[in-house]
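Student: If you want the building blocks of each chain, they are given just below.
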Amino acid sequence: MMSQLLSYLSLPLVHLILSLVVILAFLGVNGIVLIYVERKVAGFIQRRPGPYEVGPWGLLQPLADALKLLSKQLVTPMGADKILFWAAPILSFAPVVICFMPMPVSPMFTGMEMNLGLILILAFTSLNVLALCLAGWSSNNKYSLLGAARAVSQSVAYEIPLLITVLAIAFQTGSLNLSEIVASQTKGIWSWNIFVQPIAFIIYIIAVTAETNRAPFDLPEAESELTAGFHTEYAGMHFGLFFLAEYSYMIVVCAVATVLFLGGWHGPFLSGPFWFILKTYALILVLMWFRWTFPRVRFDQLLNICWKWLIPLSLINLVLTALLVKIVR
Amino acid sequence: MKIMTNYSNAIKGLLGLLKGLKITGVEFFKPQLTIHYPRKEVTNLATYRGHIDLVAKEDAPLEPKCIICGKCAEVCPSACISMEMHVKGEQSFASPAECRTITVGHGIEIPFSGLRLPPAEVIERELDSFNLDYNYCSLCGLCVQICPVGSLTFSKDSYLAGTARKNFEFDLLQRLRERSRRSSQTTTAQEKR
Ligand code: SF4
Ligand code: SF4
Numbered sequence: 007m008m009s010q011l012l013s014y015l016s017l018p019l020v021h022l023i024l025s026l027v028v029i030l031a032f033l034g035v036n037g038i039v040l041i042y043v044e045r046k047v048a049g050f051i052q053r054r055p056g057p058y059e060v061g062p063w064g065l066l067q068p069l070a071d072a073l074k075l076l077s078k079q080l081v082t083p084m085g086a087d088k089i090l091f092w093a094a095p096i097l098s099f100a101p102v103v104i105c106f107m108p109m110p111v112s113p114m115f116t117g118m119e120m121n122l123g124l125i126l127i128l129a130f131t132s133l134n135v136l137a138l139c140l141a142g143w144s145s146n147n148k149y150s151l152l153g154a155a156r157a158v159s160q161s162v163a164y165e166i167p168l169l170i171t172v173l174a175i176a177f178q179t180g181s182l183n184l185s186e187i188v189a190s191q192t193k194g195i196w197s198w199n200i201f202v203q204p205i206a207f208i209i210y211i212i213a214v215t216a217e218t219n220r221a222p223f224d225l226p227e228a229e230s231e232l233t234a235g236f237h238t239e240y241a242g243m244h245f246g247l248f249f250l251a252e253y254s255y256m257i258v259v260c261a262v263a264t265v266l267f268l269g270g271w272h273g274p275f276l277s278g279p280f281w282f283i284l285k286t287y288a289l290i291l292v293l294m295w296f297r298w299t300f301p302r303v304r305f306d307q308l309l310n311i312c313w314k315w316l317i318p319l320s321l322i323n324l325v326l327t328a329l330l331v332k333i334v335r
Numbered sequence: 223m224k225i226m227t228n229y230s231n232a233i234k235g236l237l238g239l240l241k242g243l244k245i246t247g248v249e250f251f252k253p254q255l256t257i258h259y260p261r262k263e264v265t266n267l268a269t270y271r272g273h274i275d276l277v278a279k280e281d282a283p284l285e286p287k288c289i290i291c292g293k294c295a296e297v298c299p300s301a302c303i304s305m306e307m308h309v310k311g312e313q314s315f316a317s318p319a320e321c322r323t324i325t326v327g328h329g330i331e332i333p334f335s336g337l338r339l340p341p342a343e344v345i346e347r348e349l350d351s352f353n354l355d356y357n358y359c360s361l362c363g364l365c366v367q368i369c370p371v372g373s374l375t376f377s378k379d380s381y382l383a384g385t386a387r388k389n390f391e392f393d394l395l396q397r398l399r400e401r402s403r404r405s406s407q408t409t410t411a412q413e414k415r
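Going down the list, the protein sequences come from chains E and V. For the first sequence, the working numbering assigns the number 7 to the initial residue and increments by one for each residue that follows. For the second sequence, the working numbering assigns the number 223 to the initial residue and increments by one for each residue that follows.
Keep in mind that the hints are not guaranteed to be accurate.
Keeping only pairs whose Cα atoms sit at most 25 Å apart, straight-line, the calculated DSS-like set for lysine-lysine is [stated by the list, open to error]:
#	chain 1	residue 1	chain 2	residue 2
1	V	K234	V	K224
2	V	K244	V	K234
3	E	K78	E	K88
4	V	K279	V	K378
5	E	K148	E	K78
6	V	K224	E	K314
7	E	K148	E	K88
8	E	K74	E	K88
9	E	K46	V	K244
10	V	K252	V	K262
11	E	K46	V	K241
12	V	K378	V	K262
13	V	K287	V	K378
14	V	K279	V	K293
15	E	K46	E	K74
16	E	K193	E	K332
17	V	K234	E	K314
18	V	K252	E	K46
19	V	K262	E	K46
20	E	K314	V	K241
21	V	K252	V	K241
No lab work stands behind these hints: they were computed from the structure.
With the hints as constraints, model all of the structure from the sequences given.
Tutor: Written as C-alpha cells, this is what we have:
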C-alpha cells in the first residue's frame, strides 16, 4: 500500500499537481501573512501598533479582511467590457502560480527542475502587466485607464534593466537553471552573487520594486492622483485577487533574488530550506521598509531613473561581466 | 563636467536614500506612542481644546464670570451660542440663536448682529441659561478670545461622546453648577476623611 502510494508520488503528473496544490495553499497563506506584516511594519515605522484589536496583537485582522472581501458583492460597472473585466483579476493571479514551479527552495523541494527556469519566471511575471492593462481598459473608467497606461509604460521600461542584470548572472554561471545558479554559490558567503555583482543586485532590487508596483514606484495605483489606479472599479474578491497577486509577485521576485544573489538555500551554517525562506522574507521586509520610507516619484522621474541610469549601468555591468568571464575561462 | 556633477548628484541622492532608511529604521524600534483608548486615557491635556465652558467667579463657584454682553453669541460664526436672561426683577427673555434677535426687556426686538446688549450697568440682568449647540461649533475660539471678562475657556473634556444630536446641546450654566457642586462634594468628602 505504502510503496504503491510512493510510486504514485514519483509520477511526474502527480508530482506536478501536488506541487501546484502546495503552491496555491502557500500563496493564500502568504498573502494573509504579508498583509499583516505590511500593516505592522507601517505601524511600527510610524510608531503606532498597527492592527491591534482583532485577536491577540491583531493577528486575526487579515482573516477578517479576507472574509469581508469574500462576502462582498461583485459589481461590474456600467459600460464595462464584462468578459475582460472578470478575466483580468484571474489573469493577474494565475501566472504567479507557475512562477513557483522551478523555484529551488531546497534540493528536495523543487516543483519542477527545468533548464530554462529563469526565463519561465521572467516570462510569466511580465504577464501580470497584461492583466493590469486589461483591468484598466475594461473598467470604463478614466482612472483605471490612466493607471493601466502607467503600469504598461513602467513595466516595459523596467523589464529591460531587470533582464539585462539577470542576463549578467546567467553569463557568470553559464546556466538558466535556478538550481545550478544556486549550486554556483556554495563556496561560503563570499561566493554569493550579491558580493560578486553588487551593482547588479542594486539594479535588480530597484527594477523589481518598480515591476511589482510598490512604493516609491506605485504610480499605477497612486491613490492621491488616480483614486486606486487600475483596480478602482474592482470590489470584493476581484480586488482581493489583485491584492493577492501583488503580494505573490513580491514573493516571487524576492525568491528569485534569493536564488540569484543570496545563495538560495545555502547559509553560513545548517543549509536548508529555512534559509531560503528566511532570506526571501528578509528581502520582502526590505521592500516594505522602502515603501514606508520613500515618497512616490513623479512619472518623468521614474522613467528617467530607468532610461538614463539603470539601463546604461546594467549594460556596462553586462559587458564587464562578459569580459571577465571570457578572461577567467 | 556636467556628467561629473550628474554622477556626484546621483551618489549624493543614493546616500540621501540610505539616510531616509536609517531614520525609519530607527523609528521602527522606538516605543509606540499610541494610547489604547478604552483601556488607557491620555493624561496630558494641557493643549486640548474641548467644547467651550463657562468660568466661575473666584468667590462664587456657582456663578459664571459672564456679564451677559452677548459678544460671544454675536461673534460666533456658526451661531451656536444663545442665552436666556432676565432683567433683575422682570421676566426672562431669550436670544435664540436661530433668528439672531434679542428681545430686550419690554418686548423690543433688536437684531443681534452689529448690536450688542446695553452695558450691564444700564440694564442689570441675570443669566438663566447659556446654551451651546456643540453640533455646529467649529472650535474656532473666537468666543473665548472676545469675551471681555474671560468667562469662556476650552474644556478638557476629550472623551465626549454621544449618539444623538441632543447629547451635544449643552446648557453651560447648568454644567458649570453641576461641576462645582461635584467638586465641592469631593472636597468636603476629602475633608471628612
Ligand atoms: S468656538 Fe467658535 S464656533 Fe464654537 S462656540 Fe465659540 S465662536 Fe462659536
Ligand atoms: S462674551 Fe463673555 S461676558 Fe459676554 S456674554 Fe459671552 S461669555 Fe458672557
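Student: The structure should be examined with respect to each hint, and the outcome stated for every one.
Tutor: Evaluation of the provided hints:
With a C-alpha separation of about 15 Å, the suggested pairing of K234(V) with K224(V) holds against the 25 Å cut-off. Note on K244(V) and K234(V): the hinted pairing holds, with a Cα-Cα distance of about 15 Å set against a maximum of 25 Å. Only pairs whose Cα atoms come within 25 Å are accepted, and K78(E) paired with K88(E) is accepted, the gap being roughly 18 Å. For the given pair, K279(V) sits about 19 Å from K378(V) by alpha-carbon distance, which is consistent with the 25 Å threshold.
For the suggested pair K148(E) and K78(E), the alpha carbons sit about 24 Å apart, so the restraint of at most 25 Å is met. For the hint linking K224(V) to K314(E), the alpha-carbon distance of about 14 Å falls within 25 Å, and the restraint holds. Restraint check for K148(E) and K88(E): satisfied, since their Cα atoms lie roughly 17 Å apart, inside the 25 Å limit. This hinted pair checks out: K74(E) and K88(E) have alpha carbons roughly 23 Å apart, not beyond 25 Å.
Restraint check for K46(E) and K244(V): satisfied, since their Cα atoms lie roughly 18 Å apart, inside the 25 Å limit. For the suggested pair K252(V) and K262(V), the alpha carbons sit about 20 Å apart, so the restraint of at most 25 Å is met. For the suggested pair K46(E) and K241(V), the alpha carbons sit about 22 Å apart, so the restraint of at most 25 Å is met. For the proposed pair K378(V) and K262(V), the alpha carbon gap of about 16 Å is at most 25 Å, so the pair holds.
Between the alpha carbons of K287(V) and K378(V) the distance comes to roughly 19 Å, so the proposed pair stays at or under 25 Å and holds. For the given pair, K279(V) sits about 19 Å from K293(V) by alpha-carbon distance, which is consistent with the 25 Å threshold. Restraint check: the Cα-Cα separation between K46(E) and K74(E) comes to about 20 Å, which is no more than 25 Å; the hinted pair holds. With a C-alpha separation of about 21 Å, the suggested pair K193(E) and K332(E) falls inside the 25 Å cut-off, and the hint holds.
Note on K234(V) and K314(E): the hinted pairing holds, with a Cα-Cα distance of about 17 Å set against a maximum of 25 Å. For the hint pairing K252(V) with K46(E), the CA-to-CA distance comes to about 14 Å; that is within 25 Å, so the pair holds. For the suggested pair K262(V) and K46(E), the alpha carbons sit about 21 Å apart, so the restraint of at most 25 Å is met. Between the alpha carbons of K314(E) and K241(V) the distance comes to roughly 23 Å, so the proposed pair stays at or under 25 Å and holds.
In summary, the hint linking K252(V) to K241(V) is supported, as the alpha carbons are separated by about 17 Å, within the 25 Å threshold.
Violated hints: none; the structure is consistent with every hint.
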